Amino acid sequence: MYNFNALYEPKDIAEALALKSEHPEALILAGGSDILIKIREGKLAGCDLINIYGLDELRGICLEEDGTILIRPLTSFTDVSMSPVIREHLPVLGEAMNQIGGPQVRNIGTIGGNICNGVTSADSASTLKAYDAVLEIASLKGTRVLPYLEFNLGPGKVDLREGEILTGIRIPKESWSDTYGFYTKYAMRRAMDIATLGCSVNVRLTKDKKQIDRLRIAFGVAAPIPVRSPKAEAAAQGHAVDEALLDLVAQASLEDVNPRTSWRAGRDFRLQLVQELARRSTKAAIERAGGTING
Amino acid sequence: MANREVTCTVNGKQRTFLIDVRSSLSDMLRGNAGLDSIKHGCDVGECGACTVLIDGRPFNSCIYLAIWAEGKTILTLEGLSDVKGAISDIQQAFIDEGAVQCGICTPGFIMASIPIIEAEKPASREEIRRQIAGNLCRCTGYENIVTAIEKTQKKRIAEKQGR
Chain A
1 MYNFNALYEP
11 KDIAEALALK
21 SEHPEALILA
31 GGSDILIKIR
41 EGKLAGCDLI
51 NIYGLDELRG
61 ICLEEDGTIL
71 IRPLTSFTDV
81 SMSPVIREHL
91 PVLGEAMNQI
101 GGPQVRNIGT
111 IGGNICNGVT
121 SADSASTLKA
131 YDAVLEIASL
141 KGTRVLPYLE
151 FNLGPGKVDL
161 REGEILTGIR
171 IPKESWSDTY
181 GFYTKYAMRR
191 AMDIATLGCS
201 VNVRLTKDKK
211 QIDRLRIAFG
221 VAAPIPVRSP
231 KAEAAAQGHA
241 VDEALLDLVA
251 QASLEDVNPR
261 TSWRAGRDFR
271 LQLVQELARR
281 STKAAIERAG
291 GTING
Chain B
1001 MANREVTCTV
1011 NGKQRTFLID
1021 VRSSLSDMLR
1031 GNAGLDSIKH
1041 GCDVGECGAC
1051 TVLIDGRPFN
1061 SCIYLAIWAE
1071 GKTILTLEGL
1081 SDVKGAISDI
1091 QQAFIDEGAV
1101 QCGICTPGFI
1111 MASIPIIEAE
1121 KPASREEIRR
1131 QIAGNLCRCT
1141 GYENIVTAIE
1151 KTQKKRIAEK
1161 QGR
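Chains as they are written, first to last, in the working numbering: chain A, 1 to 295; chain B, 1001 to 1163.
No lab work stands behind these hints, which were simulated from the structure alone. From a predicted model like this one, the values you see are computed outputs, not experimental measurements. Treat each hint with caution, since some may be false.
To be verified - Partial list, computed: chain B residues near chain A (C-beta under 10 Å): (1) Val1021; (2) Val1044; (3) Ala1119; (4) Arg1130; (5) Ala1158; (6) Glu1159; (7) Gly1162.
In this text, a Cβ means the ideal position worked out from N, Cα and C, and glycines have one as well.
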């Protein structure tokens, strides 16, 4: 038995928004793999819940007419990684989500929950940041659109205002086309573990595959929130595809991160991981794009 | 707190349970349905001892609200036996390979292995390990569990090809 107080059960999104507006303190319950556990641990015992898990209109992935990838927030990690749209156009996102927990957790956990939870270690976060994902956030007043880069306000804090619910995650075509990504998760175990550090890189190469046309890089657990490294991206712009590029990306990344020491790892180790993962993810992304280091 | 009727298919039979809305699926299956293969291990989705299949996929029933089971098809270890109560090939393989010691984790491991042994393509030992990564065993060291699953998978594939 879970120790929660009220359980509100909307039948559709409109009712969910009305309930959220009426009960601002109530938590949105998606797959529950964070909330139900925190209730068991006592941290959220006695809370009120708005159960949206059954709202199938908030589930699924499609390609919109203009080529935008639309991911509805209740899509499970398993369904993201198995989605034909994701496999064809954004495989790095499915690969990142396939590294979360174990099969049971991936079947219940949702991509919306992963990012609304607001933790820096969310495995989907760095890839969504690196692809300039755009969030659709609804309330009774209407819908607003927010770049995911602006969503995290602090550890566990996201820009969901009173009465608001995340209803969509979009990745524009310009962001994914001709672009190849790679996510590296460093953790003590290969399953059921939280990242010590995560790094997602994607590149678009010039036609001759000799230079970087665009490089985007984001880290998880390298700062209080998932972050991009504008310094590394600027340094890579137009650079030849060579070993010097990898050194440059690794070095420049250090300027945009601020990892902490926790029981999982010390700050110094995390700083070393920032460089090493930046290097490995960049190299792998370039290879996926058909480039060769020093080719 | 309100009580609620939940109707779902459990091991091939449609059943209706009267439950407290705060129940987990593991509470409902073990408490109301009397299915004792569901183990309350960690109760926070870490150990996999409460694993059941919901619409064919493995879930930790301890972190799943019982009310979410409405209309779903659930399979537990009890549903693997045939009509006469004889155990299935995967259960026999766990016995034969010494994949059972204290036995607490066994039902969860067997349920997590169902999608592997029912798949069209054989999984490597490494892939099997990945698929049972959500289940913990503190006795066997896993080797014999992987062997039991691998053996049953090969047997099932051979049976399909034989037909």
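Status of each hint after checking the structure:
1. Val1021: holds (6 Å)
2. Val1044: holds (5 Å)
3. Ala1119: violated (13 Å)
4. Arg1130: Constraint on B/Arg1130 satisfied, holds at 7 Å.
5. Ala1158: violated (25 Å)
6. Glu1159: The hint is violated - B/Glu1159 has no Cβ within 10 Å of chain A, the shortest such distance being about 24 Å.
7. Gly1162: violated (29 Å)
This entry does not satisfy hints 3, 5, 6 and 7, going by the numbered hints stated previously.
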